[in-house]
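Undergrad: Letter by letter, the chains look like this.
Protein chains: 2
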Amino acid sequence: MTAITGTDPRTAGPLEPTAQASSTDHVAELAGRAAHDAFALENLGRERRADLLDAMAAAVERRRDDVIEIASRETGFADAKLNGELTRAVFQLRFFAAVLREGSYLEAIIDRAGDTPMGPRPDLRRLLVPIGPVAVFGASNFPFAFSVLGGDTASALAAGCPVILKAHDSHPGTSKLSYDILSEAAEAFGAPSGTLGIVYGLQGGADLVAHSAIRAVGFTGSLNGGQALLDIVNGRDEPIPFYGELSSINPVIVTPAAASERAEQIGRDLVASFTTGAGQLCTKPGVVLVPRSADGDRLVDAATAALTETAPQLLLNERIYSSYTAETAQLRQRCQVATFDAAASAPASGFYVDAALFEVDLAHLDGDLVREIFGPVSVIVRYDAEQVVDQVASALHRLPRSLTATVHHGSTADEDLTGRLTAVVRETAGRILYNGFPTGVAVSWAQNHGGPWPSTNSLHTSVGATAIRRFLRPLTFQNAPESVLPQELRSDFERIPRRIGGVLTLPSADTGTSAPASATR
Amino acid sequence: MTAITGTDPRTAGPLEPTAQASSTDHVAELAGRAAHDAFALENLGRERRADLLDAMAAAVERRRDDVIEIASRETGFADAKLNGELTRAVFQLRFFAAVLREGSYLEAIIDRAGDTPMGPRPDLRRLLVPIGPVAVFGASNFPFAFSVLGGDTASALAAGCPVILKAHDSHPGTSKLSYDILSEAAEAFGAPSGTLGIVYGLQGGADLVAHSAIRAVGFTGSLNGGQALLDIVNGRDEPIPFYGELSSINPVIVTPAAASERAEQIGRDLVASFTTGAGQLCTKPGVVLVPRSADGDRLVDAATAALTETAPQLLLNERIYSSYTAETAQLRQRCQVATFDAAASAPASGFYVDAALFEVDLAHLDGDLVREIFGPVSVIVRYDAEQVVDQVASALHRLPRSLTATVHHGSTADEDLTGRLTAVVRETAGRILYNGFPTGVAVSWAQNHGGPWPSTNSLHTSVGATAIRRFLRPLTFQNAPESVLPQELRSDFERIPRRIGGVLTLPSADTGTSAPASATR
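Protein chains in written order, with the numbering used here: chain A, -12 to 508; chain B, -12 to 508.
Just chain A, with the same shape it has in the complex (with noise of 0.2 Å):
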């Protein structure tokens, strides 16, 4: 067996040995345990779910030090973002309790019996359950926040799944303590064992997917990680939903007026965006269009120094510094300017880096220049300014779609522009932003984290509540005795909001749920 081992980037050199990598065996008693108690984690119901990502919730906020300590080691991340991102992650438990808490993800509906123009209709009752098993795979660059204790995990635990998760490489120390947090959490709930499991290993990964006991997966990760799990899900004889978000350049757009009113600003805040978490986020934004002009300029000039401002960067793991290190070399051949960050010369030990800028014509850009890189470098796409639609169209024409566009527009006067802008920008995205940058992904009721291929591959999104639909499947009752019903479907329920005859109900007021402040307690 092989022993699942960390490094350590700061020195590139190795961690203790966490775990040995899961047998096929293994997982698959995880697999059949998982599917055994499916149905006892659905029957625990809404509330009790809630109180169980609650309790899950404090659990990992007792151990906050010492799950950021050990993701310290493994992530080399510095520890006011490690503890931002453990924030966020207890933050979406306790979210996910309140979405349960409220209800509505049910999509309870109830059309009595009546007559119809087709002739007489049954009485039917649908809501949304759980579709069973799901394994999660987390991401290397949120070790908390999209990894065991992340979005995907809360969501299919909320959504009444039993979840079977695969711990990154990269940090499988975080994970396995995580994991040992959450489950522990759930023991000491009294959740059912098969609740949770983990799994270890390249094999142990895709041994899980194939499993016939696994009914959807959720992934964050690389084009290549999600196609060579896609397709073991293509060859399975059951095929099952592929949540796999995947690959984003998020261009941003600056037009004229915005460029003219806040070139500096928006030229310092970009590196600020492209360089956070030393550029590994996948709301990175990779790639800038600039006007060609003087305000154009001012605004490369700006970006410029404040990157020589920029100290080396310290990057996840080898993958990422190797493929980075390429990637930008290949950049400087081809565009016109290039800019590295000279505060300090990246150690010649551990995975640090020098961020970097370079700039190209729109007549240079292709997909092949500008793609996904991990790591701090954007790319500036000079356009020209008399044409400021068409060029934008025609450089989005030319790369890949994105989880999210970003419009830079002026104060004022520029409503139309900005108008036509977003109808360009929105078919190569699933979040458009206006005036800010795309890094930063607030967990909350509105929130999309999806978008079109390769951004990911599914018509949900991995953030916020909507999230939970990505594990639910509809199960409609037909004339069902009131005593065989699930209880948000019964005649005399009513916390809950439900569509009856057509009409949206919502609770009423005596007997409403949780009150939101006990919801996020």
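Be aware that one or more of the hints could be misleading.
Partial chain B-side listing against chain A, Cβ under 7 Å, derived [what the hints assert, rightly or not]:
| id | residue |
| --- | --- |
| 1 | M105 |
| 2 | R112 |
| 3 | A429 |
| 4 | A433 |
| 5 | T448 |
Using C-beta positions, here's what the derived DEER-type ranges look like [as the list claims (entries may be wrong)]:
| id | chain 1 | residue 1 | chain 2 | residue 2 | range |
| --- | --- | --- | --- | --- | --- |
| 6 | B | T(-2) | A | G32 | 57 to 65 Å |
| 7 | B | A329 | A | A100 | 32 to 40 Å |
| 8 | A | Q252 | B | D12 | 49 to 57 Å |
| 9 | A | R385 | B | V490 | 37 to 45 Å |
| 10 | B | V490 | A | Q323 | 50 to 58 Å |
| 11 | A | A335 | B | T103 | 36 to 44 Å |
| 12 | B | L189 | A | E3 | 53 to 61 Å |
| 13 | B | S470 | A | E174 | 50 to 58 Å |
| 14 | A | S470 | B | D288 | 27 to 35 Å |
| 15 | A | A100 | B | S336 | 38 to 46 Å |
No lab work stands behind these hints: they were computed from the structure.
The C-beta atom is built at its ideal place from N, Cα and C for all residues, glycine as well.
Mind docking chain B on chain A? Use the hints.
TA: Below, chain B without anything else, positioned relative to chain A:
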């Protein structure tokens, strides 16, 4: 080029040619036109698209006699069945108009800017937008309600997606006339010309699914046909959702109490159900679990008696006819008891067959014995009445999963058993019926026509209001100027249900959308 020609099932002779098989170039032209006009169709807006669906419904109603006439020749279905189905298709178009006017389907959510435990949150506003051109493959067995005029077309157009239809080779003339009616209505309404398209022939369908402009596929048909298209989808550079409604055996479970109380009634109704539409319904009860007891014998005797009064049945096409003949021959060899209708024996010409009922003991049941067979046949499986739950679970475990599962329970004192059987069948189906039969699928808000593989490959329904979700993707606007937002996300808009600050909010009464009466005018 190959001429596309229907067949008269009554004589097995060819009808007049309908069209030429579509060339790859023609398919590309249609797909390009759909992509070009997608935004214009979306920009009609909810209310105008609702009017468009109503106009289409009225146009179909005006040509009722014509479409019934050609469908009768191509399918051999009785006029009563065809009239009922056309009424359903017309109702469905108007129903989706009502769904549009109501507006909940947009899932509009507004999170205003504010502070959170993770720091300040921007203004986030989310809704669902159309995914783009959709390919719709109609089914042989519903020339209207699951074909050109069917639910996939209605829900995709409602979503705002252009639709390119694949005419079913079993009723190409009906498909062409249906398409002409819809597209003339669309043109008269002023809808963009790329709103609808149609292709003919197997290669045309394959080219359509492979075309890069197509963003989703709706398919109702056989498992083999669906699998072939799914392989094309999986081979695309850019994966797209494939919504296949494929194969279903729809188990019916008769408890000892139900058999005791209503043996004769259940036996008669069973035959009526599995011979509806000559047994060519995806919800046909293909397997019936009956207790091995005197009550069970009475049920089987009643079914046998009803069967022997049944006239020969006319199947849709040569493929279904050959398959039915081969599959029933095999069942005759493997089952203990076989009953064929004897009221008249089937004519030697055309696709006429005898209805058939088989009986087998649970011990001999396997997934090879009972699988979906299109045509008027069902299999009764006898179980040990002393161990009903275990025996039912054992039977279902050996069978493929389905769109529906049905429990016939007794009138009293059977509640605990009904609950336990519900727990057993819920993993195997998307709709659970009680004391009824699964044929007949009401179009309504709460309907679910979808289930675990192989009945479908998705977490969605193809019938009812929520079918629209298949053709929508989420889009979130962050800090957008009001003027670039879709009207349903603007601060002063109050005409549809929206979630604001986490709280579901109903339209204000005085600005409500059109009344239900106008929605189904």
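Undergrad: For every hint, state whether the structure bears it out.
TA: How the hints compare with the structure:
| no. | hint | result |
| --- | --- | --- |
| 1 | M105 | holds, 5 Å |
| 2 | R112 | holds, 6 Å |
| 3 | A429 | holds, 5 Å |
| 4 | A433 | holds, 4 Å |
| 5 | T448 | holds, 6 Å |
| 6 | B:T(-2) to A:G32: 57 to 65 Å | holds, 60 Å |
| 7 | B:A329 to A:A100: 32 to 40 Å | holds, 37 Å |
| 8 | A:Q252 to B:D12: 49 to 57 Å | holds, 51 Å |
| 9 | A:R385 to B:V490: 37 to 45 Å | holds, 43 Å |
| 10 | B:V490 to A:Q323: 50 to 58 Å | holds, 52 Å |
| 11 | A:A335 to B:T103: 36 to 44 Å | holds, 42 Å |
| 12 | B:L189 to A:E3: 53 to 61 Å | holds, 60 Å |
| 13 | B:S470 to A:E174: 50 to 58 Å | holds, 54 Å |
| 14 | A:S470 to B:D288: 27 to 35 Å | holds, 32 Å |
| 15 | A:A100 to B:S336: 38 to 46 Å | holds, 44 Å |
Against the hints set out earlier in the document, no violation occurs for any number.
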